[in-house]
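Which chain is which? The protein sequence lines are A and B, in order.
Numbered per this note's numbering, the first sequence spans residues 163 to 294.
Numbered per this note's numbering, the second sequence spans residues 92 to 501.
No lab work stands behind these hints: they were computed from the structure.
It cannot be assumed that every hint is accurate.
[What the hints assert, rightly or not] Listed next, the in silico BS3-like pairs over lysine-lysine satisfying Cα-Cα at most 25 Å (straight line):
1. K254/B to K185/A
2. K255/A to K252/B
3. K195/A to K255/A
Quick caveat: nothing in here was measured; it's all calculated off a predicted structure.
These are the residues of each chain, in order.
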Amino acid sequence: MGSWPRYADSPVSLSWGRIRRMKYVLLICDDEKVSPTNEELDADPVHQAWAADLERRGAEVVGARLRPIVDATTVRVRDGETLVSDGPYAETKDFVGGFVIVECPNLDDAIAIAAGHPYAQWGGIEIRPVWE
Amino acid sequence: MTTPDDQVRAAVDAAYRDEWGQVVATLIGVTGDWDLAEDAAQDAFAAALATWPRDGVPRRPGAWLTTAARHRVTDRMRRDAVGAAKLREMAVLARDPDEPPIEEIPDERLRLIFTCCHPALPFPHRVALTLRTLAGLTTAEIARAFLTAEPTMAKRLVRAKRKIQEAGIPYRVPPAELLPERLGSVLAVLYLIFNQGYDEARGEAEVRRALAAEAIRLTRVLVRLMPDEPEPRGLLALMLLHEARRATRTEAGVLVTLEHQDRSRWDRTLIAEGVATLDAALAMRRGGPYQLQAAIAACHATAADVETTDWLQIVSLYTDLARIAPSPVVDLNRAVAVAMVDGIPAGLALVDELAEAGGLEGYYLLPATRADLLRRDGRDAEARTAYEEALDLAPTEAERRYLSNRLYEL
Chain A
163 MGSWPRYADS
173 PVSLSWGRIR
183 RMKYVLLICD
193 DEKVSPTNEE
203 LDADPVHQAW
213 AADLERRGAE
223 VVGARLRPIV
233 DATTVRVRDG
243 ETLVSDGPYA
253 ETKDFVGGFV
263 IVECPNLDDA
273 IAIAAGHPYA
283 QWGGIEIRPV
293 WE
Chain B
92 MTTPDDQVRA
102 AVDAAYRDEW
112 GQVVATLIGV
122 TGDWDLAEDA
132 AQDAFAAALA
142 TWPRDGVPRR
152 PGAWLTTAAR
162 HRVTDRMRRD
172 AVGAAKLREM
182 AVLARDPDEP
192 PIEEIPDERL
202 RLIFTCCHPA
212 LPFPHRVALT
222 LRTLAGLTTA
232 EIARAFLTAE
242 PTMAKRLVRA
252 KRKIQEAGIP
262 YRVPPAELLP
272 ERLGSVLAVL
282 YLIFNQGYDE
292 ARGEAEVRRA
302 LAAEAIRLTR
312 VLVRLMPDEP
322 EPRGLLALML
332 LHEARRATRT
342 EAGVLVTLEH
352 QDRSRWDRTL
362 IAEGVATLDA
372 ALAMRRGGPY
382 QLQAAIAACH
392 ATAADVETTD
402 WLQIVSLYTD
412 LARIAPSPVV
422 DLNRAVAVAM
432 VDGIPAGLAL
442 VDELAEAGGL
452 EGYYLLPATR
462 ADLLRRDGRD
472 AEARTAYEEA
482 LDLAPTEAER
492 RYLSNRLYEL
């Protein structure tokens, strides 16, 4: 057999899937039954540990906490007419209460970040890859 | 008469069975592109069929196939601009011109199986992807085994591969802290494949047998790749001990219960291997649900008959199992074992408790178990009602025939 390129037989070798960094939006959801103030959230040791984890990973791109759905307004345009209504877009049990955009190597890292968020313990975190 | 061509054909078939997963796994590692990897592997096997009759079967078919598939990847990538750019990128990092000796090529199949079984994929997609990429079954074969239309199965595979790519599911063996959870998913996928091949209700006998054999083969690979983990061995033992009884589970289309199976027809070789595999797992002293289930299966497989079965041991194993993997089905099985140890009323009391709890609503084995216990207790009228209830719920013809026979005997 002739000479041939050796690509990927060592664990540090190149694969495009591995060197790229992924961007995910973490949608932080719950049913709004528990609604800690920003100050309470800042004082929550779980939240502090989560923020420290993001810092350590250098993962956070941007994030924001959202006011509850009573303050939400939904806009639809149908047949050229703008329809404005009170409340969230989807009538569901759980609502998006905040989001964070993170950049990390793969889904497992995003899962680990999401699992550390306090809302994961009573609500849930939806991980959505950014469509780039 | 066997012709040289037949021999080559057999060698290619054997290589397909033994090397497909390894070739695909390596190529995914190289390219990160699942479709390209599969196509290139397919091409490599086609090339083997074309050249082996002329040049002879290579000394190391796996290395030959991997090399051939790599060349295909290079060829295909040269043809398009993006691929050509990637190829240059690879060439920069790939300076070693020599073929690595086979011992140094790491087995990439472990990465492949963990990725196929990632919990972010829907369970049926994990099953399909494992059978396609690791075992090399065609989409048509998988569709047939799962009684699904081929386009549906094809769509499932496309979606699974797309999600791996787009959601950034890593191609790797998970780190230690994730291993218990992720290994659980791998074992669940393999066990489901086995059960699909073991369940009398589902599909043609030949397809089922092949599927169970595939599950056993993949589990053997997993055991070899993770020699220090006890649960893969536990699962392998469980599969072997079940497989040993396959021939006796139905008789002329009627279900035969464990009690009435012809134990002289159980496969002693498989039982011996199952017990030895289980012993090796237990020696690691880290228990788990598959080891417990295998231990229960071993109690049955090594007993001469129902009377001399070690029911006390079985009760204790089911108690442990209910603790680490709680499920009403486990509780029901435990109730049967309790009836053998403490008498039928004790078992019946547990079954009635389960019926009241409602977790087994609609599950035919609940009334069927109750019916058998009532019959053995001489409570014929109640047994009859319970058999009728079970008959309404039983999902397969073999089970319905069994229940009708019992009802008829009363």
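Tested hints:
{"no.": "1", "hint": "K254/B to K185/A", "result": "holds, 14 Å"}
{"no.": "2", "hint": "K255/A to K252/B", "result": "violated, 31 Å"}
{"no.": "3", "hint": "K195/A to K255/A", "result": "holds, 11 Å"}
Checked against the numbered hints above, the structure violates only hint 2.
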